[in-house]
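Using the hints, put the two chains back together into the complex; each one sits in its own frame.
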Amino acid sequence: MKTKRRLEIFAFWQPEEICHHLEDMARKGWLLLEINHPFWTYRQIPPQKISFDIAYFASASEYDFQLSPAQEEFRDLCAHDGWELACTYGQMMIFYNTGENPTPLETEPELKLEAIHTYAMKHFLRVLGGLLLLLLLNSRQMIAQLQQTPISVLTDNQQLFSMFCLVLFGIAYLVQGLLYLRWYTQAKYAAQAGFFLNPGNFSGMLRGTVGGFLVLLVYQILLSFPAETALQQWCIVGLFAFGLFVYIISISITQGVLKGRNWSKETVRTITWLAAVVGMLVLAWALMWGIRQIRGEDFGHQTQLSNGVEEIPLTMEDLTDQAYDGYTIESIGQESVLLGRQIVAQLPKSDHSTDPKLRYTLVDVKVSWLYDLYLEELLHGQTKKGVLETYTYQPMDPAPWGAAEAYQGYDMQGSIVNRYLLCYDKLIAEIALDWEPTLEQIEMIRNRMEQMDHR
Amino acid sequence: MARTKFQTLTEQMFYTLLCLKQECCGTDILDRVRAMTQGRVNIGSGTLYTLLEQFLEENMIRQTKVEGRRRSYILTEKGMEMLRTERSRLEKQLADYRRIFEKEELG
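Here the protein sequences line up with chains A and B, keeping their order.
For the first sequence, my numbering gives the first residue as 1, with consecutive numbering after it.
For the second sequence, my numbering gives the first residue as 1, with consecutive numbering after it.
Just chain B, same shape as in the assembly (with noise of 0.2 Å):
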């Protein structure tokens, strides 16, 4: 079943998101997901675009200034809720980790 729209977020839709807790334009995105995640994440160009304009129409972001040719976002509150639920799913995620393993060591 293909995944529906934005119910969970990939990785580079997360870090996306995230760095746009601060206004940034798409380049500044790409810096800082590299440096956010030391090299691990990379964001394609075409893939950030893709996933720019999708946020826009999902208004998880909102364009705030155009300078030239480059455009500015920031997170909206549908796009913090977005994160928190992700974050939510993630700590589940490390829990469920930490109960079968912990259970074991202890063992």
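So that you can see chain A by itself, here it is in the shape it has in the complex (with noise of 0.2 Å):
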């Protein structure tokens, strides 16, 4: 016999248009066998016309394989009228008949309506239900978040993208779900009248979010793991589309293997789970280690690449005209769309040298209006994060600084400390010196500064 897989994305509570694609491929001679999800499985017969039907048997389960007495009788009852079983799937029941327009499976479009009903509860709504639930305690974190570090968040495109993935999905589910009660409601006002009213086409909608989360997931790939070629870049992202494939196929097997045996539902559904975690877990693993391959990286050995600016804008050399060799320059760069922070320190390397030290932080603001949350980040960080305070700002004479705002640190006794936030165009820069800065230091900084803005 031969047979074909298919990957097919529908929406299992919308029959007729599960069914219109079944009677597609009878005509083109394949016939549905056995479907398991995501994957449906057909087999050749001569090319033909064959209606198609679902019944939604709401006591039957996707974890028990085997027909239920009750599900039997069903089929006896359907086989009278020329209905065959094609297969089942979880309380989906797939009929086919080759007579002509033979009496559908449903006459009586209320009770239609509430089987179909009964299943999108159980399928469609609760997920999307507890998708909205957890979306909305995600967004009470996330903005908990935005309000005390929206640098962090922003410049994190990790953190960004999540975010943005979480609302889009969230609200790609929630039209979904009202599209289905805004057809819910009409359709059982038409069912009253005596016919069925077709849902929209919510398999298109469902394929366009699925289609949707694969471009954003590969967006997300590219972004988690940087490489230092093109080349290397899109093996990473050949390499997860590898192993989502071969972890989907192998959940699909799993499901094939487990309809030959005569378990209980109870261990059907155990197996399947387990199978799906342990794959998972096998699957990072085989992802993680993939990616080192690709890289060129050993075991153990973690490369940090940032893809801010590696350029360094200031340094005690610029300040003092000395070498500083026995010191260390760490510069952590992150950008996004909508900002760039690179946070920089020059160090001697002893930590317990009395020797100077330059620490700074450059917010390099790209959306205008986000410019005095960031500004209130900075001034008062430390009070939002719930953290001792160590210092606080008192603005100062911006001149000096050419900036448009300047402000100075204080100690929590009152004296100055050698901390200065200073505002420009596009630029806020936060700068930490272990010693009082010259006019001449004080211009230097200025133009480097300057420079960085106007960049």
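Calculated directly from the structure, the hints in this document are not laboratory data.
Honestly, I wouldn't trust all of these hints.
[Unchecked claim] Simulated coverage check for chain A against chain B, where a stretch passes if three residues somewhere in it have a Cβ under 8 Å from a Cβ of chain B:
1. 63-75
2. 78-85
3. 100-107
[Stated by the list, open to error] Distance ranges between label pairs, derived from CB positions:
4. A:Arg269 - B:Glu67: 28 to 38 Å
5. B:Val41 - A:Thr98: 21 to 31 Å
6. A:Ile9 - B:Glu53: 30 to 40 Å
7. B:Ala35 - A:Leu33: 32 to 42 Å
All C-beta atoms, glycine included, are put in the ideal place defined by N, C-alpha and C.
Structure, rendered in structure tokens:
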């Protein structure tokens, strides 16, 4: 028997759309044999016109592969009208009929609607409710993070992306939920009037959501696993795609193997979940291993690639005209579409050294209306984060710094500390020195900051 | 407003109950309704299965025997009462129709 497998994405509570697809497949010579979600297996038949219909059997479970006595009785009843069972998947029983204009399985619109609604409530609306709850909980956390540390959140592409995805999928599912409820309300009135109102193209929406998710996943991979060359980068994306494909196939095959066993629903459910979790862990390990191979890294060695600016805009050498050989320079850059941040520290190698130290943070504001939010974090960040305050800022004359606004740091006893917050047009700089800068040094800082601001 | 369950009967409910005046199983009902209505009313197997389950739940029918996977049912007094109520409703409708049109014809 020649068979073929296809990846099918349908909203399962849209029987008409699934039936039209199966009728098309039969006309092309393929009859549905079984469903191991998301892969549907078809067997080859002579191309012909076959009618399909779907019944929803409320008491059936997706983990129970054997037909219950009630389902067998139902199958026999359907067979009387020429309906043969093609396959079952969870509560769905998919029948086909080779006769001309067979009587549909459901002839009472109200009963048909309630069967679909019961199924949708179980499979779609519960998932939707769960997702929306998750979104609400996450939104609360995200808003709190945004209020406390907007710079950290908005420079972190991954966090920004996660927020974006969460909001996007929340909206997508909410829209689907609302459209479904609108259809259900209208369909109820239609059913009372004696006809069945077909739902809109929810499968199309589902496919769009899945497609959108995949595109965003690729983007997330590109952000999360940067590589040195484009080839390496696309190999990593390819590896993820392959890994995901193998994972889905494995789950699908597990379902297929379990179908051949006469095991209880509970056993099947446990094995399915176990296989999904173990598979996910194996997949995660394999992906990490694969990424290291592609990047040419050794195990246990982590390369930190920053996507920020590698250039160091201001050094101790610039300020003092001396060489600082015994110093290290650390620069961490992060950049998103909204914001860039570079944290630089030039420190003596010895922790106990009394040699001068330079630390600064440059915030490159790309969206002007977020400027005040960032400034607020830098001015009052310690209070907002709830950490013990070690300094506060007071306004000072910005003219020597060439800034629009400038703030001087004070310790908690009210003494001046050499910490400055300088506001330029698009740049906010927070500079901490452990000496009092001379006028020449202030001039140097001003020049460098203005260069950065106009870059 | 949604139809109150079984307050009125749809055609398919009516004929299903009518068939169960005599003991019969699901497949018999499918055949009898078709024969009784000369094919005008066709009940889908899925619809019939649900209706039988709901009628059983409401004690409008009762199960009489089980032969393998085939269950037979018969109408109960409550089911009979439902049929009478429905007949009365239909008769009133018919009477109203006649009153209106006969008036017109006489006029």
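Quick rundown of the hints versus the structure:
1. 63-75: holds (count 4)
2. 78-85: As far as the region 78-85 of chain A goes, the hint holds, because 4 residues have Cβ atoms under 8 Å from chain B.
3. 100-107: Holds, because 5 residues of the region 100-107 of chain A bring their Cβ atoms closer than 8 Å to Cβ atoms of chain B.
4. A:Arg269 - B:Glu67: 28 to 38 Å: holds, 34 Å
5. B:Val41 - A:Thr98: 21 to 31 Å: holds, 24 Å
6. A:Ile9 - B:Glu53: 30 to 40 Å: holds, 32 Å
7. B:Ala35 - A:Leu33: 32 to 42 Å: holds, 36 Å
The structure shown violates none of the earlier numbered hints.
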